[in-house]
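Colleague: Letter by letter, the chains look like this.
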Amino acid sequence: MSNSTQKLDPVTLEVLRNALPAIAADMAVDLQRTSYNMMIYEVQDYCCALLDADGQLIAQNIGGVSHFVADLGVVIRDAVTRYGRTGFKPGDVIITNHQRVAGQHLNNVCIFTPFFFDGALQSFAIVRAHWVDIGGMSTGFSAATLVNDPWMEGLQLDQIKIYEAGIPDEKVLRLIRDNIRFPDASMGDLRSQMAACKLAERRLEELFSRYGLKTIHAAIARIFDETERKCRRVVRDIPDGTYEAESFLDPDGPDKSMTVPIRVKVIVSGDDMTIDLTACSAQRKSALNSRTLAGAYIAYKGITGPLDGVNEGSFRALKVEIQEGNIMMAAFPAAMAGWSRVLPTVIDTILKALAPALPDFVPAAHQGTLGGSMTFFGTYPDFGTDPGRGRNFVLQTIEGGGWGGRPNADGESACVSVCQGDVRNSPVETIELKTPVIVDKRSLRNGSGGPGKYRGGLGIETQMTNLMEGRWSLSNAGRRICTPWGIAGGRNGGGSRNFMRGPGEAEFTAMDPVRTLAAPDSSVMVSTGGGGGWGDPLERDPARVRHDVLEEYVAAEAARADYGVVIDAKTMVVDEVATQALRARMRAERGGNHV
Amino acid sequence: MSLVIALDIGGTFTDLVAFDLATGAVHQAKSSTTPYDLAVGIRETLDKSGLAIGTADTFIHGSTVAINTAIERTGARTALLTTQGMRDVYQIGRGNRPEAYNFHFKRPEPYVPRHLTFELKERLNASGNVIVPLDVDNARAVAQQLRELDVEAVAVCLIHAWANPAHEQAAGECISQEAPQFYRSLSHEILREYREYERTSTTVLNAYVGPRVARYLDDLERLLVAGGFKGQFLIMQSNGGSMSPATAKKIPVATMESGPVGGIIAAAEATRDLGLRNAIAFDMGGTTAKVSLVQDNEPDIAQGYFIGGAARGHPVMYPVVDIVEVGAGGGSIAWIDEVGALKVGPRSTGGHPGPVCYSQGGKEPTVTDANVALGRLGATRFLGGEMPLDVAGAREAIRAKIAEPLGLTIEAAALGIIRIAIAEMSLAVRSVSIARGYDPRDFALVAFGGAGPLHAAEIARELHIPTVIVPRLPGHFSAFGMLLADLRHDYVRTYYKPLADCDFDTMTSIFEAMVQEGADLLASEGMRPEQMRFERFLDMRYVGQEFPIQTRIDANDLKARDRALLRAAFDRIHDRRFGHQAVDEPVEVVNLRLTAFGRRRRSQFPKLGETKSAVTQTTAERRNIVLSNADIPISCAIHDREHLHGGQEIAGPAVITEYASTTLLFGDDRLNVATSGELIIRVGEGP
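The listed protein sequences derive, respectively, from chains L and A. Last residue of the first sequence: 595 (the numbering used here), numbering continuous. Last residue of the second sequence: 687 (the numbering used here), numbering continuous.
By construction, these hints were calculated from the structure, which means they are not laboratory data. It should be emphasised that the depicted structure is a prediction, and the values quoted were computed from it without experimental measurement. Careful: at least some of the hints might be erroneous.
Calculated pairs, DSS-like style, for lysine-lysine (alpha carbon to alpha carbon, straight line, at most 27 Å) [what the hints assert, rightly or not]:
hint : chain 1 : residue 1 : chain 2 : residue 2
1    : A       : K343      : L       : K214
2    : A       : K230      : L       : K441
3    : L       : K230      : A       : K559
4    : L       : K256      : L       : K285
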């Protein structure tokens, strides 16, 4: 804080406050528009950031995938430890994805470059992006359930300089290229990542030249302080106390009774918040592990300033308690291919803990998973006249699910998880244009929203049929037993399921294909979870229930059974008298078990 | 009979600019917009102008009816017909939440409810081949059902109709036969580009606003005919062109964002007249500043946008002049946030109550108040002196709300407010130039809108833009630009193939079909073949990328069958835009695009009288103005634009005033008055 006490002209401060995030945002735009894989251009599974030489976050783009929030400091600090402050030269490009420090699945590849001014190392520009393939046992998302160590997962790149002082290390680049399945795509993405870093260097050069080192350092320190103060002001209004909640994920091992516990404690004291994750599961033999604070960070950010930018100050007033060996602080070489799957549930659980303290804010649980991800891949030996002929193909899409009801509104339907902001599904026409697949159906899953005064949003059912042989993987994100919970008397939403059907078979079978070889005309279907309800469903405005029935979000029988609303099937008019009587009877039947 | 009238209906004012092609006379009139019945305001404005509509040979109209209908949700009860299995595509959208950390985010609210969405039994594949033939009986039954549902409009968007419109056409026939009274939109008639959600959203919006826009245009046509008008009636489009009312009734979605484009067209024309090719149009009004790039005298076009903002808006895949808008206008409010940081905007006082200095009850200090406090805006000159400004009030508001809390002098606080607004507008200018790979030093900044010329020189200095141009009528520039808008129609066909496999004959015939379609439409709108011009583009990308870049090609490029030439053009554009290219990687074509123009007769201003001597300093009046140093006001000459002569030079610091705008020159700026009337400012030329 010492720097920030220095007198700083408020106008320059405001100009820099806008200019620094603008650099990160421009990096993101360029990366997205030039990238070669849908994980970047559609899913926006990347982040772009500027960090100082101490690994403090100066600015990060907002958008895409939120579980990357403020998680790059450890990568930069590790690199500076490795090479020393004097160990970088202009023109260096470093690559890393090593789980020892980076703590995510190996597909998330960091590329960063040092920025110098006045001959001294000032900061780093960095882009972390999801490569479509990193070698190992499988492509896409499908390694998560297959691997039990990082070597099975793929190439491990540990702070390697692929360019030194502007000169590429062709051997390393060739080694990478030869050991991944879609080298054109990944090398293209690498090029885009480097270009985004270079763009940042140019823009930083302009800013530093114009305002000078001292002013910029003072402004950055001040921006951190002010961001921290803003967060503290929000936390100050939350009643002091210790708030706890728990939930769990489906069993991830052979013992089907062993669920994965998620227990959180939130301690609010004045304007300090501590999120204690120490009672969450120990690190797993499965690949659900990670090294990340993202669960706590996303929850805190959503409470303290969801629409503001992210910098080092955003989390300075938050303390996260987590011990080595925790599922989210796993030690190398724990498998991390399924690293992100725990996070949406952790965030939901933190919010659940805070529901008594923030009754007008906390929503019911959402689908709680990273959504129904669908992967289909293979090669084109001969695929008629279609444009992709002769090339390998890979289809990836993420189908959203339902969000929880809120204290003042229904949950939204068919949206990506709390960890995936601007992530978009793949359009039906794009899928069919690029891969030998027909999308039979993409529809809302009627009845999947948890009943409540404010209903949970609906999940999705998406069904596809492959026209030629290939391999399907549908992710099971592990929230089938602990379905999205209701809050304040609301009920749970429908859990998720996956299905497959062989050619000629009449019925779908519930299963989770993982790299499952599928003959032509096989079909798969994901059925994503609905959100939990908020508040007592018997308090839901009958007119809204009628609307839900008209729109087929809720069946007429469910309107009666869950909401106590009687609707005339012919006229679609609410029978007010019958409704009042039914609701009174349902309340009476609850007796002492009133929610 | 050579009068051209442009009538622009904005949120606050209905603005008329007319030009007499024979005499060069310009007429202007302004009156309040009458939202309850726009025709009242139109009639009033026409009356005020004193022009006889019967003597006009062209009447060009820009209106906000389509956009307001969409935003206020006052459109038709609309039904949607889709492919089997796809009923919820419109509701599901892309499933994204642009506000990543917002637990209370809201999705766009569909314009068609689910119970008015029906699946047709049919299916095509991505090559346009039929997998399941359209069940015509089923389609008829659906159309009959719609009659009972009290529907007024129907949108049809079937999967892969971009590749083969046959099923949509057949479904459209069924609707026409069973329910001819419905307003009908078929997706392929609006755009033939893949991505079903975006195409559905566009088609639905078109159907939703269609009936109301059609009624409005019918009323207006009647009003014109009643006034004896026999000339050509044209409607402004979002793409910067114009079209006939008949076309506008069919594709009203094309008029959605036509509001701000007039000024940008005029900026493009002004630079053309001055012999320049590239410009950045900068329009600063009361609530926002808008910036757009003009290359080769054509405004940059984006292929899509969102109605209602990117976070929760509805996508419209239709060409629109690419405008970057920031919340920095004259009425933008300066404030101090909860941790003591000085902020400007995005909240604005708008026209009412307006800045403190307007004395209409405004209490919050604004950018305009800062300009008044520094003497940059003259208290007695505003709107030609019709509205005296309250300098003391402006200074007091800045003192109480900004200067004291920050421990600054009033002048330093006012200068700070302007600098922050300038920085934000500079970021916008940057985002259309530097961020897209263009060096702003190669561009002229064309400044208009009430507040544009006052701030342009500072923005130009910030970004090293050498020249600022203040055109004629900067305060009426949007309506003025409409006078100049050519007829324009855009077409797209997805043609998805590796460049190496592209069939030049097929591409040529697709382009020829689009040319034919464009030529027929232009002919129906009264254009002769010699007025028509066609531009061809390929959307290309490296194989594996998603976002294509529009690459302009020549009809001869296709005839030459030169793949290397096409890809080199693409490589070059990619390199300029993103700073890298991949010359060894395969390139693919995604879409073919065609723009059909119908050139209209130009309005030519009479030249200004030349002065004898090159430099005439008319220093009748001087005023102390704070420029760069808050503590040292500088004495500046005040010029009246009406009295300037062609070729006249003015050295800064100086102020040029005119009816609806003020131009500010700094000490090292030099102004030259073009004989065609524009003010050409060389920024930072030095004494």
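Colleague: Each of the hints needs a verdict: does it hold here or not?
Modeller: Status of each hint after checking the structure:
{"no.": "1", "hint": "A:K343 x L:K214", "result": "holds, 23 Å"}
{"no.": "2", "hint": "A:K230 x L:K441", "result": "violated, 53 Å"}
{"no.": "3", "hint": "L:K230 x A:K559", "result": "violated, 63 Å"}
{"no.": "4", "hint": "L:K256 x L:K285", "result": "holds, 14 Å"}
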